[in-house]
Amino acid sequence: MSDIERAEEAHGQAGTTLAKPAGGLPDRFENPGLPPHQHRMGDTDPKAAKRAERQVAILLLLSMIGSIGIIVSIIAIKYDGSFDRIGLSTRAIGLSMFLSLFALGVGAVHWAKTLMPDDERIDYRHRQRGTEAERAEAVAILKEGAGEAALGRRPLIRNTLVGALALFPIPAVFFFRDTGPLPGDDLSTTFWKAGDYLVKDPEGGRIRAADVSLGSVVHVLPEGIEEEEDVLNQKAKAAVLLMRLEENLLTEKSADWGVDGTVAYSKICTHMGCPVALYEQQTHHLLCPCHQSTFDLTQDCKVIFGPAKRRLPQLPIEVDDEGYLRASSGFHEAVGPSFWERG
Amino acid sequence: MTRTLTALSARRRHPLAVVVLIALALLLVGGLYAAVAPRDAQASTSAASADDIEAGKKLFLANCATCHGLNAQGGNVVEGKVAGPSLIGVGAASVDFQVGTGRMPLAQSAAQAPEVSKIRFSQEQIDQMGAYIASLAPGPAVPTDEELDVSGVSDEQLARGASIFRTNCAMCHNFAGKGGALTAGKYAPDLTDTSAKHIYEAMVTGPQSMPVFNNNTISPEDKTAIIAWLTQQEKRPDPGGLTVGSIGPVSEGIVAWIAGIGILIGCSVWLGMKSS
Amino acid sequence: MSTIDKVAGGVGNFADDTVGASKVVNGFARKIFPDHWSFMLGEITLYSFVILLFTGTFLTFFYEPSAAETTYVGNYAPLAGQHVSEAYASSLRLSFDVRGGLIMRQVHHWAALVFVAATIVHMARVFFTGAFRKPREINWVIGAILAILAVFEGFTGYSLPDDLLSGTGIRIAQAIILAVPVVGSYISFFLFGGEFPGQDFIPRFFTIHILLLPAIMLALIVVHLMLVVVHKHTQYPGPGRTEDNVVGFPLFPVYMAKAGGFFFIVFGVIALIAGLVSINPIWAYGAYDPSPVTAGSQPDWYMGWLDGAVRLMPGWFEFNLLGFTFSMNIFIPTTVVILFTMGVLCLYPWIEQAATGDRREHHLLDRPRNQPTRTGLGVMALTFYVLLWISGGNDIIAHMMGLSINDITRFLRVAVFVLPALAFVITKRICLGLQRKDREKALHGRETGRIVRLPHGEFIEVHAPLTEVERWTLVQHDSFRPMEIEDRLDAGNPSSLYGKVQRRLSKFYFEDRVEPVTPAELAASHHDHHGEVEGGHHDAVDAGNNPAIGTSQTLHG
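Chains as they are written, first to last, in this note's numbering: chain A, 1 to 343; chain B, 1001 to 1276; chain C, 2001 to 2557.
The set of hints was computed from the structure by calculation and includes no laboratory data.
Only a predicted model underlies this, so the values are computations on that prediction, with no experimental measurement involved.
C-beta: ideal position from N, C-alpha, C; glycine also.
The reader is advised that the hints may include incorrect statements.
Using 30 Å as the maximum straight-line C-alpha spacing, the simulated DSS-like pairs for lysine-lysine come out as follows [stated by the list, open to error]:
no., chain 1, residue 1, chain 2, residue 2
1, C, Lys2006, B, Lys1274
2, B, Lys1274, C, Lys2232
3, A, Lys47, A, Lys193
4, C, Lys2031, B, Lys1274
5, C, Lys2031, C, Lys2134
6, B, Lys1274, A, Lys50
7, A, Lys78, B, Lys1235
8, C, Lys2441, B, Lys1274
9, C, Lys2006, A, Lys50
10, B, Lys1274, A, Lys47
11, A, Lys143, C, Lys2134
12, C, Lys2500, C, Lys2437
13, C, Lys2134, C, Lys2428
14, C, Lys2031, A, Lys50
Covered stretches of chain A, as calculated for chain C (at least 3 residues, CB under 8 Å) [unchecked claim]:
no., region
15, 55-62
16, 124-136
17, 153-166
18, 202-216
19, 262-272
20, 297-311
I would like the entire structure built from these sequences, with the hints used as guidance.
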């Protein structure tokens, strides 16, 4: 096997440092070549071959049954909207598909393994790198072509060509200009403004201050937000959580911005914008379910754990003459995740 | 909110639709009455007999007073912690929930009181303790059978219940009510095996970390609708197949790796093996 | 001539006349593919991609890529009358009203999860066996790009049903974009057509998901496979296998049947899972609305590592400077981590080339133990990846195991640095240990389990000498030494910066090593062996006293 010898030569080349030869023995062992072929049972025993043939045929038959099963499942199982039927159909089609495909696949592989020749064949490789002659020829061709183009002698064309090629893709970026408006102050403003009533999310309905009992939480939106055309965009910034706790637990500022211990904070996490909706009424901690940022309501929603940096913004609220809660102003800062211009 | 009603006519009619409509109408009338009728925030000093209250007090003194104080005014402060909170005004619902789910009496101090399958008191005893606590000050009452009856809930109410659940409950209890983690070892429990009564009571009383959802925050009909949605969600088989815990992509990823990649590598090994 | 032969002849004749089919057959039909189970991992990836194309095409027939608001009027009562997007409503319709729609959706989603998983397993196989070495560097880079594209392709698909979970995922993606310094807000507004979520992202993500990314991936996959044909497949070392041949079975008919059959096996297994296990029950999540959220909001598993990295990051990485916000608590664990990972992955073949100074072609794979440092680095990277993945599920773990989420997070913040380092050291030690065992076996033969008692009373286990064929796999590999010992021809100039880096790297990679047995050593050992039996020395080969084993410190101070 001459190819093996060649391989051995390659092993000894520069690039590796090998153990020193000793006592006239070669540096390395020699590749002993392919071991003798081990015959399968089917190669020598016609009965075994026959058996394998039958096995393959049975698998292929099973596959046919599966394929027919898919058709039957689709035609026979009528949908009536009930989950039972949908589930039955899904099960029946899925299992028939499994039978149809898996048996076909296993049959084909089993056929290849047991009945097709299994003596190993050898293919020879060629180095990717060309021979020295080929490389020299390629270089010559390129040089000749470059000479014909004569870019070296015409620097004006070369330089302008580089410039043109560098510039031409850049306009592509500008085609994206109208994929969206510029941010403006959209990231810093919300729907909330002074006098907006707090209504329950999702049922709607204003909230009387007296109806908010100690330890309770109400998910809140500004009144009128549902009528907005971009209601989801507005909700993504305006969702608020209303909580009531003993007023003396709050910081002075929180209490001032609330009503009798009822306070409203932005529900949009200052980390990545998930709703920070998990309020633990005993510890007064707010937990974000996405990345576990934890805010302490008794410290004006300061971050006490997790990847968020900034406290949740508070919405100042007041009661009107009839006892309903409304915003006494909008948010005093941007809600939601950080962005470059936020400052 | 008109959104739930618009689709009513467009939906496919079920033979029982008329019945459901009548039930809906009745519920609406009842609901309207409940909303309009003057009412002091679900407060109720139950009409329990004096005997029950007396029996309840005895049970309270024997089993609860160590932590909650002889008059349920709250326990002493031990090492900076209150042994047990005041039970004045927590209502019979709170007693029924805490004792009825085995959370109280507290077996051992932990991040939060766990649900226990072995309940130490009979329902009668629990009711007696509830009557005693309710006699101290008005508080949420144990929900009535009508409030727990989900048979009259219409599809629209069901949808509304599901929507309220997603906004008010899913962030802790997960979209399918399977529970989730809170801070420092606390957790929102799995609701799968929780009875309708206990779910209702938890909403009105706000046990442990859970906030209170009084009848102004979530109306009694909506509470019933939430329970209806939870129970039907548990009963309804998932059309997709096994739900692997209904905890979202984490379990799906594990299935993809173990079942998907696992089986396929097994097949590859078989394919690469020499036939005998 | 039978009819079949006639027809075949006619078709063949036509194909040859028109497209020169005979040359194709001559060139390809008998191409040899080596047999090994680990060579099928890439096929799992390829086949799940094909399954994704099939099922995805079916889904587009029913899916409406529109965020326009509509009222749900389908059969599912708990959503009756809800305001939902067209995208969500049509996803439900194709699940509940199209026969076979749900199974198609589930096959598509499961195939996606398996696709990315198989990509990673395939990459790991290529890495640990050194199949990325010359001449396959470019194919490794293409593979790495395909892997990250697969992740983005998966994420855009996960976003399309517009359910509560996917919307939460998009919300987080938008925050990742916002956190990019300077241009973040602008990119977000251009991508979403304004504020989040807006009306535009669904049709845009749809185009990206079904056209842009699949087209790029398909093109890259074609190049990936063409390069496999150009380079011919690698093979594991063994008797008769050399750098100049490839030993295996011909494409036609054996691999046609095996690889073709394997496609159906992959499809069948995914159909089985899809038929039995529910995935992404969008009806239970409800339509996306920015106000609600579910406990356990997680991305699909392949994004889990980034989500985990975000969860571990302490908040104080965010700071304000010169009136601008630097959200490093988001930017670092997402954008920077992706770019860093991709950079290291793509450059790795050249990093290792710098350490070995080896510019030769390699078609024989490494046994992972014979490259202890590389294997250690690979296990280190995987440990890091898995720990991030675990961090992404910290809330689920806390809930399932009754632990504190805060404790888990604090533990992982440390573990994510300590455990990978530990994994590197341990893996390297295990590899070196296995190599010593190989040496032992090559020198003394394999253990027979037969114990004999020597005349003077000692018990020894009889070792059967290895045949030449058995021994070859244990002794065939090259062993590199650090460059500072003997400069090689192709090593960089030692005084240049590159040369210095190269020597550092080389030392890091090859300082600890076990060299393969040489014929001389085997001869010496046979000699020793007799002495051993006579004199009772059992430890003829020990790391301490054999110059071929050990570290360069013991050799060169």
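Comparing the hints with the structure gives:
For the given pair, Lys2006 (chain C) sits about 36 Å from Lys1274 (chain B) by alpha-carbon distance, which is inconsistent with the 30 Å threshold. Proximity of Lys1274 (chain B) to Lys2232 (chain C) is assessed by CA-CA distance (about 22 Å); at most 30 Å being required, the pair is judged to hold. Note on Lys47 (chain A) and Lys193 (chain A): the hinted pairing is violated, with a Cα-Cα distance of about 88 Å set against a maximum of 30 Å. As the CA atoms of Lys2031 (chain C) and Lys1274 (chain B) are separated by approximately 20 Å, the hinted pair is consistent with the 30 Å bound.
With a CA separation close to 21 Å, the supplied pair Lys2031 (chain C) and Lys2134 (chain C) stays within the 30 Å bound. Annotation: proposed proximity of Lys1274 (chain B) to Lys50 (chain A) holds, straight-line Cα distance about 18 Å (limit 30 Å). For the suggested pair Lys78 (chain A) and Lys1235 (chain B), the alpha carbons sit about 22 Å apart, so the restraint of at most 30 Å is met. A distance of roughly 25 Å separates the Cα atoms of Lys2441 (chain C) and Lys1274 (chain B); the hinted pair therefore holds under the 30 Å criterion.
Taken as a hint, the Lys2006 (chain C) and Lys50 (chain A) pair is honoured in the structure, with Cα atoms around 29 Å apart against an allowance of 30 Å. At roughly 19 Å between alpha-carbon atoms, Lys1274 (chain B) and Lys47 (chain A) fall within 30 Å of each other, so this suggested pair holds. With a C-alpha separation of about 27 Å, the suggested pair Lys143 (chain A) and Lys2134 (chain C) falls inside the 30 Å cut-off, and the hint holds. For the hint linking Lys2500 (chain C) to Lys2437 (chain C), the alpha-carbon distance of about 34 Å lies beyond 30 Å, and the restraint is violated.
In summary, the hint linking Lys2134 (chain C) to Lys2428 (chain C) is supported, as the alpha carbons are separated by about 24 Å, within the 30 Å threshold. For the hint pairing Lys2031 (chain C) with Lys50 (chain A), the CA-to-CA distance comes to about 29 Å; that is within 30 Å, so the pair holds. Coverage of a stretch by a chain is defined here by at least three residues with a beta carbon nearer than 8 Å to that chain's beta carbons; for the region 55-62 of chain A and chain C the count is 0, and the condition is violated. Check result for the region 124-136 of chain A against chain C: holds, 5 residues qualifying (beta carbon to beta carbon below 8 Å, three or more required).
A count of 0 residues in the region 153-166 of chain A with a Cβ less than 8 Å from any Cβ of chain C is obtained; the coverage claim is therefore unmet, three being the minimum. Coverage of the region 202-216 of chain A by chain C is violated in this model, with 1 residues showing a Cβ closer than 8 Å to a Cβ of that chain against a need of three. For the region 262-272 of chain A, the stated coverage by chain C is satisfied: 4 residues place a CB nearer than 8 Å to a CB of that chain, which reaches the threshold of 3. Three residues within the 8 Å Cβ limit are the bar, and the region 297-311 of chain A against chain C gives 7, so the coverage statement holds.
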